[in-house]
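Asker: Letter by letter, the chains look like this.
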Amino acid sequence: MDMKRDYYEDVQLFSSGVKLFWFILLILFLALYPLLFKNYYVYVANYIAINVLVAIGLNLLVGYTGQISLGHSGFFAIGAFGTIVLMTEAHFPFLLALFAAALVTAVFGFLIGLPALRLEGPYLSIATLGFGLSITRIIGRIELFGGRQGLHAPELVIGPWHLNSDRDFYYLLITITVILTLAARNLVKTKVGRAFVAIRDADIAAQTMGVNLMYYKTLAFALSAFYTGLAGGLYAFVLRFIEPELFSLLMSILFLAMVVVGGLGSIFGAIAGAVLLSWLDLELRNILSIPYLGAWLEVLSRSYFSITGVSNIQYILYGFIMVLIMLFEPLGIFGLWIRTKIYWRTWPF
Amino acid sequence: MTDFLQMIASGIAVGSSYALMGLAMVIIYKTSEVVNFAQGEMALLSLFLTYMVLEFHGVPYYVAFPGALLFAVFLGCFLEFAVLRRAKEPNVLGMIIITIGIEMILMGLVSWKFGADPKTMPFPIGPYDSVAIGEVFVSSLEVLTFVTAIALMVVLFLFFRYSKLGVAMKATQQNSMAARLMGIKTKRILMITWGISSFVGCTAGLLIAPTTMQPYMMWDPMLKGFAAAVMGGMTSLPGSVFGAYLIGIIENLFGGYISIEFKSVVAFFIIVLVLCVKPSGLFARHFVKKV
Chain F
-6 MDMKRDYYED VQLFSSGVKL FWFILLILFL ALYPLLFKNY YVYVANYIAI
44 NVLVAIGLNL LVGYTGQISL GHSGFFAIGA FGTIVLMTEA HFPFLLALFA
94 AALVTAVFGF LIGLPALRLE GPYLSIATLG FGLSITRIIG RIELFGGRQG
144 LHAPELVIGP WHLNSDRDFY YLLITITVIL TLAARNLVKT KVGRAFVAIR
194 DADIAAQTMG VNLMYYKTLA FALSAFYTGL AGGLYAFVLR FIEPELFSLL
244 MSILFLAMVV VGGLGSIFGA IAGAVLLSWL DLELRNILSI PYLGAWLEVL
294 SRSYFSITGV SNIQYILYGF IMVLIMLFEP LGIFGLWIRT KIYWRTWPF
Chain V
16 MTDFLQMIAS GIAVGSSYAL MGLAMVIIYK TSEVVNFAQG EMALLSLFLT
66 YMVLEFHGVP YYVAFPGALL FAVFLGCFLE FAVLRRAKEP NVLGMIIITI
116 GIEMILMGLV SWKFGADPKT MPFPIGPYDS VAIGEVFVSS LEVLTFVTAI
166 ALMVVLFLFF RYSKLGVAMK ATQQNSMAAR LMGIKTKRIL MITWGISSFV
216 GCTAGLLIAP TTMQPYMMWD PMLKGFAAAV MGGMTSLPGS VFGAYLIGII
266 ENLFGGYISI EFKSVVAFFI IVLVLCVKPS GLFARHFVKK V
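One line per chain: the protein sequences are F and V, in this order.
For reference, each letter of the first sequence is one residue, going -6 to 342 in my numbering.
For reference, each letter of the second sequence is one residue, going 16 to 306 in my numbering.
Here chain V stands alone, though its shape is the one from the complex (with noise of 0.2 Å):
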């Protein structure tokens, strides 16, 4: 039992990293139906960058980590405004190609700036640290991954909800011709939508940042959270995070039941079987396209 329950709470945790990206994706695709495939890397630019102003520049964790969530910010409307924008002809798989693209100039970069060989971010919170709940162990980083990901969750949800700006992003997302007549810039909302995206998606690196550091860190919880985004039906914000819970936990228990090695994998087999029952996912309303 306590193996279960064990595996569960491993399986929540990585869950949390999981639907810190499917959110950051799920911000883009609601306003811009953009499958943003660079959403990891945009991400690992900004932690490289910390971790190199943190080890080699000796700069303090309170200047660093808010420096790199304003960075993540700044990238986000920069690749918005510079790249996204210029499209001639968007369709999608034209984005997706176009973000792909993104991801490899960035992955490339950082690569050749800082190798391959796996590096130890330097953290406040240790990744030895743990805090017992009943008679499972957590790690501390664990909890605060959670702890981000809900309080994110909800304060986006009331953000989308009940702000100025998060409704007039819901209207673009709609209908952007309307959204453009009632004097919403649509163009300035996507800015905005893709540097509140990537902060989201910087959060999730920071948190992942500790255990793992290497270029290919971001691929496993970018591809994740976009298969928790899926499941949960892209356009829903608490979809994704039921999606990216349910993958976490589902994951862990096959990884420790069954087969350790198709963990990984088993993810993607159960976004099959649920597409089939559900094309459009779990929580969003079935699309029908206009003809």
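Looking at chain F on its own, in the form it has when it is part of the complex (with noise of 0.2 Å):
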């Protein structure tokens, strides 16, 4: 791989200039997206920049970290009514509703990554699956958040403007998650990201080279919560409409899969995996209208299977992608990603 020669080469945002390039054209593209596609499009794009938030987050806990959380469905529903509720209730603007509701967030996953700081593997698993059925189930209690019916999102308005289309709120959506973006890879380059990464290898190597084990992880939890947080008050917007009975385990194990699929402990992966699975998730949805293949799938569940639960297609497909992933490529997107760029460099050989 790539030689490092000192130690701010290690450090920068971007490792060489074609990187900053890409970057740019990347950049570019989002800023002119709205204007080349139409209006279905922008709503996927939104879709997927939600999505590529929480995976990012997700990716800093269970990717940097090592923690393993199946409740980020709870993180991500608590964003979402902290938002609306705000934004009805308390007459926040909107940006400090967002804001205010992740660090709400950001604090219930401090208060998450205490117990996690004496448990892991399956004991860890549960105790943050547990989390995430049940902060569903108390929301759905609190009349303040609408209960079971569910609450509608107010309009939005941030200063002179007042962001209702998919297109208005699509740049918003998209100046947050590159800013957060670049912030989560400025973060695993300095030394809190190190220190994650150390905790993940070998916590009580970690441990006796001076890190401070119960700092980091807590914080390891608050920053993952707080991207997810964000994230889902986005997210309250994109949807219009929000009832508790959206943020199931489902949910969690989505997110999990697109870290996973994308490549732990890569940001690059994070997106990856969740542009992937997410445009995955709103092409599926009605897979029956796909070109060909739909037709055929059609008549394959009218012989041997049922029509009505042929949208189901759509989890088998996922199941094969995170066993296929994890059984040839554990590092997922990412590291097919590496293999072929080493191939090509060394093309003949």
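Hints are not guaranteed to be accurate.
Claimed, not checked - So the derived label-pair ranges between C-beta atoms look like this: (1) Leu13(F) <-> Thr227(V): 56 to 62 Å; (2) Val169(V) <-> Val292(F): 49 to 55 Å; (3) Tyr285(F) <-> Thr135(V): 53 to 59 Å; (4) Tyr285(F) <-> Phe96(V): 31 to 37 Å; (5) Met202(F) <-> Ala131(V): 50 to 56 Å; (6) Tyr285(F) <-> Lys200(V): 56 to 62 Å; (7) Arg295(F) <-> Tyr76(V): 27 to 33 Å; (8) Phe89(V) <-> Pro284(F): 54 to 60 Å.
Hint data in this document are derived by calculation from the structure and do not stem from the laboratory.
The beta-carbon is built from N, C-alpha and C at its ideal position, and this holds for glycine as well.
Since each chain sits alone in its own frame, please combine them into the complex, following the hints.
Answerer: As structure tokens, this is what we get:
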């Protein structure tokens, strides 16, 4: 791989001019995106951007710090309901409400991080899973959060701008996503990120070297919850209507799947996994209208399976992706990318 | 007082099915340190196939139920052989992801084939038959579940303690390298473990199916069974059974006296509390990692 010559090369945000060039190209593409595509694809982009935020947040926890979480839909729910309630009940402006709700989510993350200090593996997964399941029940019970009926998102106004279409919201969302992605990339290159990685690889060794386990593990949980809560707040405005049932265990599993499919311990991987899986998610919702394949599947379902359950093909496909990635490329899409890069760099040999 | 006893009784009854699921998960975790999230769905597949042959092909019970258990053993062995064994760099998280993936595939297949609407599983004992013990009424099915759970637990306990295969499984868990050097074919042992675990899970499923039968039916028992297993320490068979009964009873008392709405999540709250005090569960010796 690349030779690292000095420390500053290790910590700088873009390791080469080529990367910076591609990054600028990507930003340009993102800026022009709503002008190039139809409304539906702008909605798709919004949906993907939300999942990218969650995947980056979850990857900070799972991929970098090595703590498993099956309860991220809980944080997502807190962010979503928190933002709306702060706007409608406390009359906070949108951005303030969004960040306040994300901070509240971070506090919850910190609280979950406390028992996590003593737990690992299956013990931690059941604890986080329990959190995710209970939080939606509790939200569904409280009248302030709309009970079981759910909540409608209020009108979105920032200063002089009324952001009511997907296109208007797109720019806000993409700005936040790009900033937070860069922030995460910056974070993992600093002392904090290296402490996370040290904890993942060998927590006792890390402690011996002077990494404060308590501080960094709870920080990882809080940070991850912050990203997820922020994404939740934005998600409420993409959907415009949220109800507790939405934030199920399946959602937590899909978040985890994004991180794993993309590549554990890599920001690029988190983005790739989130883009791939959330795009598949939207595409496969009306699987029968896919050209050629849809008709074939319909015949297959009618003769051997049932036509009512045809949407479940999505889960079968997800399952296969998860299993195959874990079996053949444990580093996910990021691993594939690295391997392809090395293969072509050294090509004839 | 009768109310209280009734709640305890239904707690024990529901605890029995948690106990069976918990046992199934512990058996796998004990030998290979894999948390098997697909446990419920492995049973689900055999259950729906049993339902199909019973309902549409007129196969009698005494063929269908043993057939289901046999199929479950085969399925467990197959999954271990075809999927789990092929994992490149097995670690806790990776294995969890693989089993969740298997879970989604099986769940998707079953829902695709049978749709999401509830079914009724034909069963020799009707859902409304009941037995009176003193002033408390318990359904016959619940009694059957309880007896099966206890019997299976005793058999498994004896199996792990005294049989050659059981001891080999224990050896594989404790030190697979040393076990291999002693002539144990550890891979085959793992495969058999998955078969046995799938068998236990399918038994649980067969006893749950007469009351509810739809593609999501195994989620709750599986999660509660997992919670019970974690409470008991994840490696102890009696621990997981004890945890399951404790969860079943607490859940029912909580549902009866405090709030019916939070009945199904109170278990997880208790788990978190227990784990805060004893991070490795109630019955396991605390696991100290060697560096």
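Asker: Next, verify each hint and record whether it holds.
Answerer: Cross-check of the supplied hints:
| no. | hint | verdict |
| --- | --- | --- |
| 1 | Leu13(F) <-> Thr227(V): 56 to 62 Å | holds (57 Å) |
| 2 | Val169(V) <-> Val292(F): 49 to 55 Å | holds (51 Å) |
| 3 | Tyr285(F) <-> Thr135(V): 53 to 59 Å | violated (39 Å) |
| 4 | Tyr285(F) <-> Phe96(V): 31 to 37 Å | holds (35 Å) |
| 5 | Met202(F) <-> Ala131(V): 50 to 56 Å | holds (52 Å) |
| 6 | Tyr285(F) <-> Lys200(V): 56 to 62 Å | violated (47 Å) |
| 7 | Arg295(F) <-> Tyr76(V): 27 to 33 Å | holds (31 Å) |
| 8 | Phe89(V) <-> Pro284(F): 54 to 60 Å | violated (38 Å) |
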